[in-house]
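Novice: Sequence:
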Amino acid sequence: MAQHRRRRTTALALGVPLILTAAGGLAYGVLPGSQPRASATTAAPAWATATADGFASVNALGQNGTYGGRDGQIVTVKTLADLEKYATASEPYVIVVAATITMDPVGKEIKVQSNKTIVGSGTSGQIVGGGFFLGSGVHNVIIRNLTIRDAYQGVWNDKEHDFDAIQMDGAHHVWIDHNDLRHMADGLIDVRKDSTYVTVSWNKLSQDNKAFGIGWTENVVTDITIHHNWIRETEQRNPSTDNAAHAHLYNNFLEDVAGTDINSSYGNYSRGATRMVLENSYFQGFKNPVIKDSTASIVQKGNTFVGTSGRNESGGTAFDPKTYYAYTLDKTADVPALLKSGVGPRSSIGTTAAASTKAAAATTLTVAKDGSGQYSTVQAAVNAVPANNPSRVVISVKPGTYRELVKVPSNKPHVTIQGSGGSRNDTVIVYNNASGTPKPDGSGTYGTGGSATVAVEADDFQARNLTISNDFDEASHQDIANQAVALRTAADKVFLDGVIVSGDQDTLLVDTAAKDKLGRVYMTNSYVIGNVDFIFGRATAVIDKSVITLKKRWNGTSAGYVTAPSTAAGRKGILIANSTVNGDVSSASFYLGRPWHAGGDASLDPQTTVRNTSLSAAIKSTPWTDMSGFSWKDDRFAEYKNTGAGSGAASSNRPQLTDAQAAGQEVADWLGDWTPSSS
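In terms of the numbering used here, the sequence shown has 141 at position 141, counting the first letter as 1, and numbering is strictly consecutive.
If you are wondering where the hints come from, they were derived from the structure by calculation, not from laboratory data.
Small disclaimer: the values here were computed from a predicted structure and weren't measured.
Among the hints, a few may not be true.
Cross-link-like lysine to any residue pairs, in silico, SDA-like; alpha carbons within 25 Å at most [what the hints assert, rightly or not]:
{"hint": "1", "residue 1": "545", "residue 2": "464"}
{"hint": "2", "residue 1": "633", "residue 2": "678"}
{"hint": "3", "residue 1": "331", "residue 2": "262"}
{"hint": "4", "residue 1": "552", "residue 2": "569"}
{"hint": "5", "residue 1": "552", "residue 2": "616"}
{"hint": "6", "residue 1": "369", "residue 2": "416"}
{"hint": "7", "residue 1": "517", "residue 2": "569"}
{"hint": "8", "residue 1": "193", "residue 2": "63"}
{"hint": "9", "residue 1": "301", "residue 2": "394"}
{"hint": "10", "residue 1": "620", "residue 2": "588"}
{"hint": "11", "residue 1": "517", "residue 2": "599"}
{"hint": "12", "residue 1": "439", "residue 2": "460"}
{"hint": "13", "residue 1": "515", "residue 2": "445"}
{"hint": "14", "residue 1": "515", "residue 2": "599"}
Can you build the whole structure from these sequences, using the hints too?
Specialist: In structure tokens:
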């Protein structure tokens, strides 16, 4: 086979949108050499004119609610210099962050001035290594839809630096909404020195020593609303509220996960002369979930406490929030699911919080082998989904083993298949076709892709809480190929959550509908089991917070390859992040990957990145290898900050990303304008 090589002089680059497509189809771009501006002939999109709720909506101190930079120009920024230029300007601006921007130096806090909206473009707006500071008198500021992360200096509980995500000293009328704040060095949000008329809503605050501090003066001034925030894996200040005149906390989810490095010391704390109303919030696993000083007040209503311990206090009198603004409470039992799917940056910030998280109830079809459901096979339920269905259809599968082939065709989007049992082991969809297995109609044999137990060709597909398996018996069928796919996806926006995908060779095929089509797959909280090229294909695929289990071959030998990407040039390939690779196999017997130039196509540019992942001793010290005459060194293979016995230092045979390169290879960079959410 003739070899055609592309030599690369630069490392993997971060791709960012050249143009921002706004809500309603309005496009706002930047012409070369010109100042970014909004079209003068069209109305501003909804996300540019959004206004705050809660205390940030109250007319006071000469400010009529909080609307940010809606009266100014819309500008799109992709560099630190431009972000700082517009954020510190005296004029109003809506500043759209359309790239990952790294602060220099680490810990830098941009001094935002009044009348600004700073909003992320889809999920691509990220601030790394620093944050924002709102000084005395700064007002009418909105910070939305951003990821602000990674200013900590080596340890999660860094106490030597004061690098916050968002800090206010004497500001008023501020709205912090739909952000992902994590891994900073001190606190995530500080509302200090009599800052007031603040609303903090629909944010995820996680992986930090101090989540959220309020107060630090003797004055009892601050009015603040904190609602629909997911506070997870933070030790203290969740929040700590000191001398707040009115603190209204509702529909928040505080979660401390057992067995992690970060343990909560307390949850909501009412200090000094604070008057707090705490409603319909959900506390999971927290120590001292609600505490107060003897001088402070807490009025609790409708809260739920699961697995908590220690102090849970209330007492004194507070206030009626509806005296100041209108609001609607969600049911406490719904809070964890509602927030897990609804907090943080959204792919379309133009939708309201209610619209983006409370979609119309999905149609549910039930499957049960024993006849107690509407259908006895999964495929029968898929067949019942109407063609071109406009909204979510959930196929709820009762526990059992379903030996069948399942295909979700391209004209049936928005389908969820989920097991209804107590674990993902309870509901199993399994079959045993392989490449070379005769088709039952006598029309030939299956190919690799055709061997899949479950084939997904429809966009916006979800699977959860079940096992998808191919149990082809290689030992008994050495007369045909060993490729036997458990799950094949050939669609965009495929979300796999809490599943097991199990096989031997070619277990998980992440494909696209065509070579020129984008196909994104996000797998989390899951297991993939196999031995040869068992995560492969040309999709843009993320394996996040999951376990990749290495399996011996049919004859008991240990040798294999985790990934075999066949990525098209200019696209992102396979990303394994925040996961574990292990299994009962011999040491130094598995490669992390090799380049699959499907059909000998030299125009392909296969990519696998493995980062922040624990690698067992089964991984070879030279973890990449060639395939079918194509050298892995001519394609895109790299690691970043992996751990475990199978990790290793940078060398010519073991490329490692720099910190700057890694900042452009985050999960969000792979997913672009898509934020997977359960529905």
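Novice: State for each hint whether it applies.
Specialist: Each hint tested on the structure:
1. 545 / 464: Distance of about 15 Å is within 25 Å: holds.
2. 633 / 678: 38 Å, violated
3. 331 / 262: Outside the cut-off at roughly 28 Å; violated.
4. 552 / 569: 33 Å, violated
5. 552 / 616: Roughly 15 Å separates the two Cα atoms, so the pair holds.
6. 369 / 416: Between residue 369 and residue 416 the Cα gap is close to 19 Å, so the pair holds against 25 Å.
7. 517 / 569: Satisfied, since the Cα-Cα distance of roughly 12 Å is no more than 25 Å.
8. 193 / 63: Roughly 19 Å separates the two Cα atoms, so the pair holds.
9. 301 / 394: 33 Å, violated
10. 620 / 588: Roughly 4 Å between the alpha carbons, so the hint for residue 620 and residue 588 holds.
11. 517 / 599: Cα-Cα ~18 Å, so holds.
12. 439 / 460: 29 Å, violated
13. 515 / 445: 24 Å, holds
14. 515 / 599: 12 Å, holds
The structure is inconsistent with the numbered hints 2, 3, 4, 9 and 12, although it conforms to all the rest.
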